[in-house]
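Enquirer: Single-letter residue listing:
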Amino acid sequence: MADILAVENLQKHFEYGGGLLRKPRLVRAVDGVSFSVREGETIGLVGESGCGKSTTGRLAMRLIDATAGSIRFAGADITRLGGRPLKTLRAQMQMIFQDPHSSLDPRMKVGDLIGEGLRLFPEIDAAARAGRIAEAMERVGLRPEHADRYPHEFSGGQRQRIGIARAIVMTPKLVVADEPVSALDVSIQAQVINLLERLRSDLGLSYLFISHDLGVVEHISDRIVVMYLGRVVEFADCRAIFRHPRHPYTKTLISAIPIPRFGVKRERIPLTGEVPSPLDPPSGCHFHPRCPFARERCRTETPPFRRLSDGHWIACHHPLED
Amino acid sequence: MARFWANKAGVAGLAIIVVCILVAIFAPLLAPHDPLAIDISLQGMEPSEAYPFGNDEFGRDILSRVIYGARISLGISLFSVIFSLGLGVVLGAVAGFYGRGIDNAIMRVMDATMAFPAILLAIAIVAAMGSNMFNVVIALGIVYVPRFARIIRGAVISLKTREFVEAAISLGASDVAIIFRHILPNCLAPLIVQATAGFAYAILAESSLSFLGLGAPPPAPSWGNILSESKDFMLDNPMMTVYPGLAITFAVLGFNLLGDALRDILDPRLK
Amino acid sequence: MFPVLKIDDLQTHFFTRTGIAKAIDGVGFHIDKGEIVCVVGESGCGKSMTALSVLRLVPHPGRIVGGEIWLDGQNLMAFSEREMREVRGDRVSMIFQEPMVSLNPAFTIGNQLIEAVRVHRKASRAEAWERSVEMLRRVDLPSPEARMNAYPHELSGGMRQRVMIAEALLLDPVLLLADEPTTALDVTVQAQVLDVMVRAARESGTAVMMITHNLAVVSEIADRVVVMYAGRVVEQGTTEEIFTRPAHPYTQGLLRAIPTLSTAAEDDAPRQPLYEMGGLVPSLTDLPPGCAFCPRCSAAIDLCAAQKPPAFPLGETHAAACWLRRTEG
Amino acid sequence: MLAYFLKRTVLMVPTLLLVALMVFLLVHLIPGDPAIVMVGAEADPAAIENIRRSLGLDQPLPIQFIDWFGRLLSGDFGKSITSGIPVLETILERFPTTLVLTTLAMLFSVAIAIPSGVLAAKFRNTGKDYLFMLVSLIGVSVPGFWLGLMGLLVFSVQLGWFPSSGYVPVWQDFWQGLNYMTLPSITLGFFMAAVVARMTRSSMLEVMRLEYVTHARAKGLSEWTVLLKHALKNAFAPTLTTIGIQYGMLLGGAVVTETVFGLPGLGRFVVQSIYGRDYPAVQGCILFIALVYMFVNLAVDVLYKVFDPRVKF
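Protein chains in written order, with this note's numbering: chain V, 242 to 563; chain A, 111 to 381; chain B, 7 to 335; chain R, 4 to 316.
Chain V with its partners taken away, still in its complex shape (with noise of 0.2 Å):
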């Protein structure tokens, strides 16, 4: 199948503090990143806090633009496109983010927001607008008299299936999904993910799927993409990850989640530490102070991410045996 998004050795730098007298210090958000979509397919993207997992997304969507790498969608390079090709491109890539309640804006109707994006096509007259966002508001569980409400009089649920309704209104061909479920309670969690995944084979949508929760991640994945502090460091099929992890990192993060079920004691990888900050990343390998398999190169030399077998891709000197 053909990818729908690809991006390669995507980089993107910020400043940070810095001023009259001092210079700035470089952050390496996201720094060599790079994997692909596939049509149809959801990808998910995970990583703790500060991995650069959220920029990614952003990256993919052009809300913010890559110091290096590039960006493929459908095909096309759309690493530096811009003006009305780049909005016209837009309406193919929609964004779910994960607050509902500051990713809507309190002072607009909830009919108005879901079709703000459709006023960029002069030939989608009001008439058609409304009867799209009907049929969308009707898809995600809304019901459309609804929509000259404020969201405010929405519950967090309702709200996101809100923001759903305003990425699939534009008929996307991908959807970056940001935590989409991470402030929900887990009993309305489970149906705005049920809604995700109807919406994806009835639209045959492709999802870039960003989340911390490796639960939710392995129930909607097809493949996952594993980040740690800015580098993706293993790609793979879901099964092959959460059965068969080969990067050290992987197989901690994943022994270190807990499972709902008694009697269940997880074998845990001791891990020590905590992330370390972006702003000063560890030299090498980033994950060889905590991991414990770590030997002299990891130290030294960052590890090339490279292909192990078919499908399998791994940032690591010595990764796990299979």
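Be aware that one or more of the hints could be misleading.
Computed list of chain A residues with no C-beta within reach of chain V, every gap over 10 Å [said to hold, decoys possible]:
(1) 138
(2) 152
(3) 195
(4) 213
(5) 243
(6) 260
(7) 273
(8) 276
(9) 279
(10) 281
(11) 329
Calculated cross-link-like contacts (lysine-lysine; reagent style DSS-like; alpha-carbon spacing at most 25 Å) [what the hints assert, rightly or not]:
(12) R:308 - A:118
(13) A:118 - V:350
(14) R:232 - A:118
(15) R:232 - R:308
(16) V:328 - A:270
(17) R:232 - B:128
(18) R:125 - R:10
Not everything, but these chain A residues come out facing chain V in the computed CB check (under 10 Å) [stated by the list, open to error]:
(19) 113
(20) 117
(21) 181
(22) 274
(23) 280
(24) 282
(25) 287
(26) 289
Just so you know, these hints were derived from the structure itself, not from any lab.
Just so it is clear, CB atoms sit at the ideal spot from N, CA and C, and this is done for glycine as well.
Please build the complex by placing chains A, B and R on the supplied structure of chain V, with the hints as guidance.
Expert: Frame of chain V, contents of chains A, B and R only:
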């Protein structure tokens, strides 16, 4: 709206302001005498039935002057707030939205303006440009420009990173659309609160300017002027100074009450 | 032998402009000495308010309007404010959710720990300092002496939460209230902090009332579980009972709605959609007259809508407030 | 701390330059010829020409500015047109009175404001709080100079508690001087007291909602310890900023207050210079006051760190 009517202090403030505005509009009907009519025979008279607030050094009716004073004091403050609001919003929005060099340049000038004690800057401007109505409006207004600009700039910067603005950008909305549809409407609350404070400040500052002889040029009956003219008679006829002072306090109190109430309602963080 | 904590028909209501919100509407459970009990539920179910009610620190405009809270056989509701202050931080301590905002940013770690000792114990600064450093060491905080002079913002989230745990256990309380202590932390840090808390509590024989929405965490650390929904306890039992024989439809749904990691033992069957509980959490100002979960319950019968179900015992330790579990007599 | 202070001073340079430029332009952008404005149109043309040359007005504006600014840096604020005395000399002679007045006003207002703000926060939404809110609202609504006039009328004229005219500096006779300063500093500080008290109340309320305050209560601390140690230290940081800003209001208000009470301070000198169209004096005074104000705010920023250690230097 319902929350506003439930706020007694705010309603009281609004009522005071409405009274002041009505007095200003209907001054000719309410004032018993011509505020400018000079009658030397009534010079410095104690309050009487015909002249309930007494007469000033030229025998003018103080009550009528206080009533007409509402026109001038409210008028000057209205125009100065409009001036500072307009300029402040534009500067602040441009600085906040475009950032970097433009932001730096604008905010440096704003900082420099704020480096002067407010009333001193107004005094200096009027002293340099001469005291007429227009200059007083500008002098009072300029002082408040940085305050509006800072609020708008801060709001724009924080709103710019809010997800709903990001969402609008991802939908392809233009800069202008984002500023006018998403950002400015969400800045309204702090702007309204600051504007009410601006009114209160302008009335007070105008009276200070007038007191120093740098406000609305005499014989215009601004409240500050009435006070200034009466202070030489203070020992013989203290009530002459009491009434215009009360008028100022009353009007300013109205704006402050309203401002507090609006802040409580519009900014739910402060309770 | 009294239980460490016994809560009986607790009612904490919030008197808001839009009406009375029954944040806690008749909650009852107990915690035995040294036991770890997890109170689980979704946001707004009243679990945090239960902890604050135990300390009698319900924020304005909330008020405890009924029920009893017994600590070691003493009725806390009858205590004066002064007596309550002696309980807080000494016999009962609390850990909060956000380590970023629960430590005072204006004081050093040492200042805050020493203060915690000296409120309740006659100790010199040096003794309090000693004790604090010792406690920081027990929660595995690296270089504890140096951290005593640090300000909270100079520590990472995980370290701050260790400081909170240290402070809470400084005076060997009989009960520790832990309100979502690891929710704000990264997964890998979460596991470490949780381990430290449980170990330190067990060492000092402190009973723990842990509040969480994360059922997975519950299954790892709890001795017993209390499930709350809309201000009421819907089910309680041992961890085994709750996870292997959940009796209340809400508990059952909650357990099925979580996407969990499949372990290697499981088959490669295609994925099923998650179990969905329809509907929304009811508003606390407008609770249905019967069972609060009734509008979302697929097994509801007529009685559920009409009458509030009492807790029906299902065993010595297991009970569910569900009409379907009605036991005769 | 010292390093930060120096760094901030360096960072102040651009603002300082802009401030100087604005003061300069204030006089030079006056419609018409400043020289004529100063001496009046009827004056002898030779005198006008003389002033023009002595002020360098025959040069192009940028040159004039550089010239003027260069002399400023060497401490030359120009000479008064009316008296011929160097402006800086008069400023330094007059400023102590203004400094004493504003400092007393500040001390008075902070001493009143912080306790009452804390109390109002503690008793929020009760009768005590409403009374406090009303009084403080009136405080920010009364024109200060009018309050001064009323104070003179009641306490000096009617009751005779304070002298109604004359002046003795505090450094000549402390108690006598204080007697002359009491009424002016109270009326001047009244507005500030109300502003600072309101700020204290609202930032206390803001802080009291935070989790670390609940945490402090959960430790078993008494309500007063929670309020005065844990809440106030945090709430004081924004209050401190307000105090800094309000000090500027005091410097401005001093102009009017000194006029009302006939105190020979810098503010009175500004007004006299304006009446006398003594532009070098006006320029000098305004620049000087702006400088004082900027340094007060700088000091406040440095102090801020004590109350909020999160601030990075």
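Enquirer: Let me make sure I understand: some of the numbered hints might not hold for this structure. Which ones are they, in numerical order?
Expert: When the structure is compared with the hints, numbers 7, 8, 9, 10, 12, 13, 14, 18, 19, 20, 21 and 26 turn out to be violated.
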